[in-house]
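One letter stands for each residue in the lines below.
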Amino acid sequence: MDFTTQDLTDLFANLAGRMAAERDALCALDGLIGDADHGIAMEQGMQAAAAAVPNLATLQDQFNAAAKAFLNAVGASSGPLYATAFMRAAKTAGPRAAMPGAETPDLITAMAEGIAHRGKAEPGQKTMIDAWHPASEAAKSGATWPEILRAAQSGADATAQMQASLGRAARLGERSLGHKDPGAVSACMIIEEFAKVLS
Amino acid sequence: MDFTTQDLTDLFANLAGRMAAERDALCALDGLIGDADHGIAMEQGMQAAAAAVPNLATLQDQFNAAAKAFLNAVGASSGPLYATAFMRAAKTAGPRAAMPGAETPDLITAMAEGIAHRGKAEPGQKTMIDAWHPASEAAKSGATWPEILRAAQSGADATAQMQASLGRAARLGERSLGHKDPGAVSACMIIEEFAKVLS
Amino acid sequence: MLTQKLINDGNHAVDEMLRGVLAAHPKHLTLASPRAIVAKHGPRPGKVALVIGGGSGHEPTFLGFVGKGLADAAAVGNVFASPPPQPIVDAAMAVHGGAGVLFMYGNYAGDVMNFDMATELLEMEDIEARTVLTTDDIASSPDRSKRRGVAGNVFIFKVAGAAADLMLPLDEVARIAAHANARTYTMGVALSACSLPQTRRLNFDLPAGEMEIGMGIHGEPGIRRGPLKPANDVADEIIDAILAEMAAPKGANVAVLVNSLGSTPLMELYILYARVAERLAAADLTVHTALVGPYCTSMEMAGASITIMHLDEELAQLLDHPCDCAMFRVG
Amino acid sequence: MLTQKLINDGNHAVDEMLRGVLAAHPKHLTLASPRAIVAKHGPRPGKVALVIGGGSGHEPTFLGFVGKGLADAAAVGNVFASPPPQPIVDAAMAVHGGAGVLFMYGNYAGDVMNFDMATELLEMEDIEARTVLTTDDIASSPDRSKRRGVAGNVFIFKVAGAAADLMLPLDEVARIAAHANARTYTMGVALSACSLPQTRRLNFDLPAGEMEIGMGIHGEPGIRRGPLKPANDVADEIIDAILAEMAAPKGANVAVLVNSLGSTPLMELYILYARVAERLAAADLTVHTALVGPYCTSMEMAGASITIMHLDEELAQLLDHPCDCAMFRVG
Ligand SMILES: Nc1ncnc2c1ncn2[C@@H]1O[C@H](COP(=O)(O)OP(=O)(O)O)[C@@H](O)[C@H]1O
Ligand SMILES: Nc1ncnc2c1ncn2[C@@H]1O[C@H](COP(=O)(O)OP(=O)(O)O)[C@@H](O)[C@H]1O
Ligand SMILES: [Mg+2]
Ligand SMILES: [Mg+2]
Ligand SMILES: [Mg+2]
Ligand SMILES: [Mg+2]
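Chains as they are written, first to last, in this note's numbering: chain X, 1 to 199; chain U, 1001 to 1199; chain Z, 2001 to 2331; chain L, 3001 to 3331.
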């Protein structure tokens, strides 16, 4: 089954709805080790992206529009990270109105690479990379969407045991232990919405 | 029995202790219709007065010293009112080391007149005058100390039903109804301490 | 549960604060006596001395407005308590220049009694002292003479200070001060209580979701309680009330102060100001001066007030006259 | 339970605030684009453009420091969120004078990414942009390069702005900015949480009777929790930490800022300052400049920070150089 521009429009609408629903929970998580605004950034970013993607001709145009819209609505850390993720996804999707379903896990790999490129984070530093990296590894190894999602989730779960060394929480030292990274948690939600549409 | 300078020293010590004990309650009362500081003013004023009165030769000197000390420690509304009250009491007590116990109710009358002179309040305006005035009337009519105290207390109780027309609470209109005037309540405490030493 | 304050002993908070003020502003301020703050520049022979004062807890009102071109001295009371007569006298004696003293302060029973006692004491020294009370809080009474003085102080003192700095005689300075007061209108809302340093207990209960309309700057209850409204509605209610009273002709100039009662931050004040500016423009009024910030506070109380001064040529010029105080500057 | 704020819609709070700021300060400020605030006076050909910026909620930081002699422009982010690259680019394009742009902002991951993207975009327009991060929060890391930028911004930006105003070349302005940053030390304590306008929920729990030592200006947890101490103990802990790092020789000059995080009023700040002044005098350090007030806030958070800048001749002169911003003036 093909993944079409309409599917991507729907996916961003789902992402916007999901982030609105999770906003306060993500803010509360960010409040424990950061500045309590991650849910707001994700909601605003995905809402702007969802508004930008309808009626564009190609998946590439859509992801690029999403990147720009997300970035301009948000700034913060999430803005550049997800803008770069979407720009990489745009390149992977290419100037096509649809892509084969079987290729869609490559989008995860592209997004993970974009985030890694922009943020220079390594796995283990307690960032969203700890969800995106294992998801990308799973995608590269040909895993199914449920497997990709599980990889992201166990990565995000593991952040609770990590001491942050990047981002706002890095200054917390040992006090960051015991709390999951909000960016890793929202990453799982994103991947879950991809999986719902694509599996 | 005579009322001596030692008695007055003790009385001011009692007043200081009483006001310290009642400070937060008086502040809470003042918070309902005023600015929540009446207990602080009374505590500071009586403490300063208590420190000023020992080792002076006459009751007059003592009351005058108390007036000055109270005023300088406090300012506020209570400062000028009680300073004037004590100055009038000083005049009534005169340059004596002791006064006959039977004359002491005149002190209440003098204090009430001082407060009325300084504050220009009439009974019924929901101020400390509503306690001092009936106490003074009782004293003038030859009442005993317990009767004087009861007059003050029923005057203070009645302030709950009054709408303030002087002082901070005057701007409250009907919203001042239902709460006793803090200055009237502290006036009863003062008169009660006089009564304990003098009856 | 005690409120959270960075203090040492609540009984010494005012004196310790003054120590800090003097230490931080040695070029502007000095002491006449422990509770009488005096401007280093400004007081001079032949000039009417402007002496302001009142309770502490409203900083930068009053001591922050002492300086060349504004007040010559301030008498400092305990928190929310008028200063006693002595520091008022000390302040006046330190700065008077033989042309009389003008006392200005908010209209509160305690302040009136203490300043009046100070006036009597000064008479014995053959120093003439006059008084102009500020009564700008339109929520506190329908009768202007009974109203409280609140944030409008800033503008009213400023105008009087400029008149004195221009060496006008006492009669004129007093006339101008009264004129400035008569044209100044303030109303505020409180969103939380504050607490005295001695008790560290909230001075009133205000449930979440409510606000107190017409709140005084000492936590005195206002006109009524109501649900917490959006900023624009709050601004509208206040502006409606002020414009109705002020009855300024189209094209008139005004000075505006959007003031924080303490913990309401600049973000909220500027949101209010955006609406105020819109409303004034719609009423064809021109903003000559706009101040936004904490100018007359109630310690950590949340809330804001809006002040409008209806200017004329004279008031506008005096507002623009330079002043240089530790916490307020013009020109 | 929602926190009590005077706002309309939390999602529009920043834009409405900006509307108010522009309306209140038309002589000082204008817009390059909706989130790029530009100084009316100051930017000019041949001058290095100083562009600052960061999240909102710290007012008067950043936009209040835009003006002649200080920053030429500020890019404004959402509350506690770096601005995206576009307004940064807009700000830089509006004020650059052909002598390069210096970006200055606090060291936060988000700001670094967004300003770096802006730098790349400016390169494509052949505009050179350099960056000096502020890293004055000594509680945030033992390693200066990893530290957060907090209230010390005021002094650091001020010095860099003066260097640019004196028409020094980009290399020099950047050197001076880095030098200023290296000699600036801040540490703060929080006594309450604050809340974002969109959620109106406290961003962390702080039980009554406790304080957070080393709190960041976005409510990021600090070094540790501890019982709320008297003001003098708090000042001592901070001053001990700063003096140990600063290692200034006896007789050195310093600039001091006692800053409110939001709802801590002037009374408490001056009580802190009284102790700070005592400690600095005891250490044989001379206070050249003292600022006391809300300069770098976290909306309505309660708490305070103390900043010391270790001056040399150059820094002192640049601090004294006049500047005229909507919310900050020197000279
Ligand atoms: N360099 C980085 N690389 C990858 N992720 C990062 C990096 N820095 C921060 N993050 C992620 O960003 C999340 C915070 O995002 P958000 O709250 O929106 O931004 P901010 O920290 O600017 O408030 C963190 O939980 C973390 O997952
Ligand atoms: N003019 C007046 N005459 C008599 N009593 C007055 C007058 N004005 C105020 N009071 C009394 O003063 C009390 C308040 O005292 P206090 O709280 O110490 O002063 P303030 O009102 O200045 O805070 C009131 O409860 C009232 O009884
Ligand atoms: Mg965050
Ligand atoms: Mg009172
Ligand atoms: Mg009082
Ligand atoms: Mg943030």
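FYI, nobody ran anything at the bench for these hints, they're computed from the structure.
Heads up, some of the hints might be wrong.
[Claimed, not checked] Calculated pairs, EDC-like style, for lysine to aspartate or glutamate (alpha carbon to alpha carbon, straight line, at most 16 Å): (1) U:1120 / Z:2116; (2) X:120 / L:3312; (3) Z:2229 / L:3009; (4) U:1091 / U:1122; (5) L:3027 / Z:2312; (6) L:3229 / Z:2009; (7) U:1196 / U:1157; (8) Z:2027 / L:3320; (9) Z:2250 / Z:2312; (10) Z:2027 / Z:2312; (11) L:3250 / L:3312.
[What the hints assert, rightly or not] Derived contacts from chain L toward chain X, CB cut-off under 10 Å, selection only: (12) 3084; (13) 3087; (14) 3146; (15) 3246.
[Claimed, not checked] Label pairs and their in silico Cβ distance ranges: (16) X:142 / L:3171: 34 to 40 Å; (17) Z:2207 / X:6: 27 to 33 Å; (18) L:3166 / Z:2226: 41 to 47 Å.
For every residue, glycine included, the Cβ atom is placed at its ideal position computed from N, Cα and C.
Evaluation of the provided hints:
| no. | hint | verdict |
| --- | --- | --- |
| 1 | U:1120 / Z:2116 | holds, 13 Å |
| 2 | X:120 / L:3312 | violated, 37 Å |
| 3 | Z:2229 / L:3009 | holds, 11 Å |
| 4 | U:1091 / U:1122 | violated, 23 Å |
| 5 | L:3027 / Z:2312 | violated, 21 Å |
| 6 | L:3229 / Z:2009 | holds, 11 Å |
| 7 | U:1196 / U:1157 | violated, 20 Å |
| 8 | Z:2027 / L:3320 | holds, 15 Å |
| 9 | Z:2250 / Z:2312 | holds, 13 Å |
| 10 | Z:2027 / Z:2312 | violated, 34 Å |
| 11 | L:3250 / L:3312 | holds, 13 Å |
| 12 | 3084 | holds, 4 Å |
| 13 | 3087 | holds, 8 Å |
| 14 | 3146 | holds, 7 Å |
| 15 | 3246 | violated, 20 Å |
| 16 | X:142 / L:3171: 34 to 40 Å | violated, 53 Å |
| 17 | Z:2207 / X:6: 27 to 33 Å | violated, 50 Å |
| 18 | L:3166 / Z:2226: 41 to 47 Å | violated, 54 Å |
The structure fails to meet hints 2, 4, 5, 7, 10, 15, 16, 17, 18 from the earlier list, while all remaining hints are met.
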